[in-house]
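Engineer: Protein chains in written order, with my numbering: chain A, 680 to 1182; chain B, 26 to 210.
What the hints contain is simulated information worked out from the structure, not anything from laboratory work.
All of these numbers come straight from a predicted model, not from anything done at the bench.
Where is the CB? At the ideal position from N, CA and C, for every residue including glycine.
Hints should not be assumed to be uniformly reliable.
Said to hold, decoys possible - If the Cβ cut is set under 10 Å, some of the chain B residues that face chain A in the computed set are:
1. Ala28
2. Gly163
3. Pro164
4. Tyr165
5. Leu166
6. Leu167
7. Gly168
8. Glu170
9. Leu171
10. Leu175
11. Val181
12. Gly182
13. Ala183
14. Leu186
Stated by the list, open to error - Non-contacting residues of chain B with respect to chain A, defined by C-beta distances greater than 12 Å in every case (computed):
15. His52
16. Val81
17. Ile83
18. Met89
19. Val90
20. Ala130
21. Leu132
22. Val169
23. Gly179
Claimed, not checked - So the derived label-pair ranges between C-beta atoms look like this:
24. Tyr31/B <-> Glu833/A: 43 to 51 Å
25. Glu837/A <-> Thr160/B: 40 to 48 Å
26. Arg830/A <-> Trp118/B: 32 to 40 Å
27. Thr160/B <-> Gly742/A: 24 to 32 Å
28. Leu176/B <-> Ile741/A: 26 to 34 Å
29. Ile844/A <-> Trp118/B: 23 to 31 Å
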Amino acid sequence: MNTLPSALHSNLMALSPLILLAGSAVVVMLASAFYRHPRPVMMLTLAGLILSFASLFLFRGIGSRQVTALLVLDHYALFFIGLIVAATFVVAVLCYRYFGGSESRHEALYILLLLAALGGGVLVASSHFASFLLGLELLSISLFALIAYPRFTERPLEAGIKYLILAGFSSGLLLFGMALVYAQLGTMQFAKIGTMLTAPDQALELYGLAGLALIVTGVGFKLALVPFHMWTPDVYEGAPAPITAFIATVSKGAMLALLLRYFLMAGAHQSQPITLALSLVAVTTILVGNLLALLQDNIKRILAYSSIAQLGYLLVGFLAFDPLAIEAVAYFLTAYFVTMLGAFGVVTVLSGGFNNGSEGESHRVAERDSDRLADYAGLFWHRPWLAGVFTAMLLSLAGIPLTMGFIGKFYILTAGVEASLWIPVIVLVVGSTIGLFYYLRIIAVMCAPSSQAITEPTMRPVASPSLGESVTLAALALLLIWLGVFPAQLIDVLEGITVVDLT
Amino acid sequence: MEATFYLSAAVAVAATLMVVTRASAVHALLYLIVSLLAVAVVFFVLGAPFVAALEVIIYAGAVMVLFVFVIMMLNLGTSAAVKEREWLSPRMWAGPAVLSALLLAELIYILVWNVPGTATISGRAAVESKEVGITLFGPYLLGVELASLLLLAGLVGACHLGWHTESGWGSRSESLSDRRGHENG
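Only chain B is shown next, with the shape it has when bound in the complex (with noise of 0.2 Å):
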């Protein structure tokens, strides 16, 4: 059991490695992902499912999906055809899909040779998703509210920087600028 741990703490390690050191935005995303999901291993083995499932599924998912789908967006045009049908060549996916498919092999050993309930290294059982509910909603509810104002202010800025044209702005400014002139002059 503890090998797993080793395995995919190494696989974690040599992705995020690579992640800082490509060049193409793609190429570090996917092993992004993959560094992810090994962590996702390393959480389940350690006895935390349920941080497992949300790391796989916020992270991994998600949040990278997005990234990887911006960071496509972005070059558009003809160019981008050419550049995308480099991204299929085996050398690009090669690294990645190695890593993922030794993860994959970790699971399958787990789940056929492990009875499910004792999948833990650190000798406790697994701490289950209502134990996980029941902790935030009870001492830590206040930690919970402010996580949501932490949220409320991200999207506030966000909201604020990423607006894209403000046509009320400009003619408010307009004869804002109008009045100052008669001021000044």
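Same shape as in the complex, but just chain A (with noise of 0.2 Å):
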């Protein structure tokens, strides 16, 4: 261990995103004992993640760090910092409306959400089964909280719970199979694991093959891959619609972007079984994901079973395993960051959010999102632009042309063809297809000019966006096409992304 002043200084400069992000967390926590008003609580939540995000540019010069054993920041891990911490961004800007603005006390939000930024960014930083464990459970523990945020509603409540049981659980499988790994191995960093693995005479034991197994089934639960994703509509429909987009992105794209860490540094990839289980599991996510949202007519449900569907298509480029994969993945993340963000911002502008907590005006909370297909019902008549950017969102899940889904699903393709994964690649096609029946059933239902359109609405009240939640909304869907219509801006960034070895 270097412990020179030079070497803990640029340590600590490298550290830097991370630890601004902690002491944004800490300061609002303070500022919100001091002042119990939510604006200025927001505005230094979002001066916290501007600095952080800010700080990964700032220090990008120095290089690919090892901090300790436990975190590596090399470019890989800055760049999903960066994407974390810019959708936690737009997640604060969405919350502020949704959980009454200036009027209703929701300051305890924005602590528990840059905490799971915080998790997420060590997630993806980790090199070590300790780091990993912590910044896991550093998310998961916040997001149960934030699920269950409208404490006196039955729904989030009921979501936070089985998120909760859900977590623990994947969370005991996940310590078990590090546990067995590292009764075979004797280390816990994931260097070590693949340098150990690449001897002649290593290969992982029964110990060693089972704990990866548990392992792979613990992350399986987090990113709601098919024979786990039981949980995942549930909890989408009951979460407030601004944490659900949370839940879809950044946690899930933080365990993604540790899975594909682990499997490169640790040279998991090499076990024949297991990369065959994950590329089964991708086929029936792909098909499952797609086919039970057939059948759903809530628009949570639509997008929860949507992102299952999506995270197989991911898990197809995953596979390949080469450094095109992870410029894939990586590029296939953004595009599912944008679109779900979006997607789900729509979501939380149309619904009229958790205003009050107190029972006493119960027929003034609202008991559920604005989430019914019905609620959507010429949408493009009284919202044009709403509808406009949500049909943007869903084409991009699609992946039609001009969109970042298409280019991002066209990478995955090209990796997936270049490591000749046919199977996988077929699955993919025929998904993507059912996949159109619907987004453009959601789509023909915001075209319909029904009379049944003009009286739906006086029902719930209708919810008037923010200028906040506006620009936001506008960015995303500019920021959508413009890196559709030309990725190479996104790509030459990516091209610098290596998994780097550095012990």
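Combine the two chains into a complex, taking the hints into account.
Structural biologist: Below is the structure:
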């Protein structure tokens, strides 16, 4: 360990995005203890996120650094931290009006959001089982409280408890898997596991293989891959819409980035049974996610199944395990982040939100978000811009050209074909075709000039988006189309990304 | 020496099985405490006395006693007294008592028949608390910091979810709904 002052200095600089996130969580907590007013607290949160994002660029010159055995801050980690911080920024903006604006006390939400983002950042930078677990727990403990945040309403609480139980269960599996790998190899560092396994006489024995399978299972729960996907629609439906966006993007993205790093650094992709199992999982995830989405008539549930299917597509690129795979996964994840944030952002804007918490005014408390398909009937006629943004997001999810979703899917297909993963690639194509049906169904409902559309909205008070929300949604839609038409700008950034082995 | 390991491991498994199958929460908790104590003995035999002590102090001590207190406080009232008298019947405490007696016997055996310091079955010297501290605050310093933030997240979440009444929120939301009513009407 180098303990020279200069080494310490640059370690601290390399860690600065994470330190700033943690520091702003503490500052926000102290601020909300003294000034119980959500507006300055939200401003502080946003400032912390911007600072953390800026520090990514300021200290990029330091290059890749292994900071203790726990974290490695290479370009791969920095890219994903940037993605997570940006997504958290969008979610924080979306939360403000949804949770009651300046009239309600929802300051604790921002502390939890910052801590969850920190958890995600630690996950993507971790190179050791200990930081892996700590990051994961930080993410899921904060998420559990965030899901159940409107605690006087039935569904968020139910969703929170479901998430808590499943998160605990999957963490248990994960820990047992780590213990088994440790029992065989005696190290918890990804890179050391990798070098040990490349030694000629070493291979994963039954112990280590079972451990790896358990780790993949635990991660599979978090990513909602198909045999482990049962919780996703319920939690997505029950959670407040901006928090759903957070689960769909930050939580899943961080886990996937971590899994990819683990597989590449620890050499898990050399184990034939595991890659075979993963490709089976990818195939079933795509098919089941798309087929079940056809049967839903709740927007949040459709998006939940759609996100399951999208993770299936990601796994196809993931299974290629080469530099192109990293690029493909990173691009697709970026597209997925933008799209999911945009889609759930529209749902948030249309929902009344949880403005107050007292039971006495239950007729004012939104029992549910605007998530039925009927709530969207004729949206094009009375909210054309919002409907336009939603359409763009749905088309991107379906992979229509001129959107990021198309380039992402193209990338994944290229990676898959180059690694000659024929069956997953064919299933990907079939799955995207099935997917078109339910995406187009939502768009068709929004276009329908039904007379029903006139009478329906009187039932629900129509929420009007705040300026921040409108600007954010517009920016997301512009980004979606800009990077879909000129993908080269993002691809140039992505080309520097490799999982560097520094130990 | 290996016999103690197997015996306490068996006690841990048996007690945990009882935790899962008991219908009464207090009864299950008693078995859970026994299970944690057995795991502590396993740690001790493996050569990690510091972790064993933490297991007893934190899990079997603080956390579990808190659980028992909470569960006992939840059913207050006259029926609770009858129920608590029921808990004192030998049928309820005999199982955990027997298992704990086994652990106590092991502990006495270890303390009396073994020289301290060599009491490990892994063949290595026992890991002292000083070494644990040096490792935690040396290479794993970031882990400690992250764990502290994890506790912060748990604290903030629990504080929010457990907040009893919010008078300020209620009055504010009234004015909010009034204003909204004007806007919509």
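Engineer: What hint numbers does the structure not satisfy?
Structural biologist: The structure breaks hints 1, 22 and 23; every other hint is satisfied.
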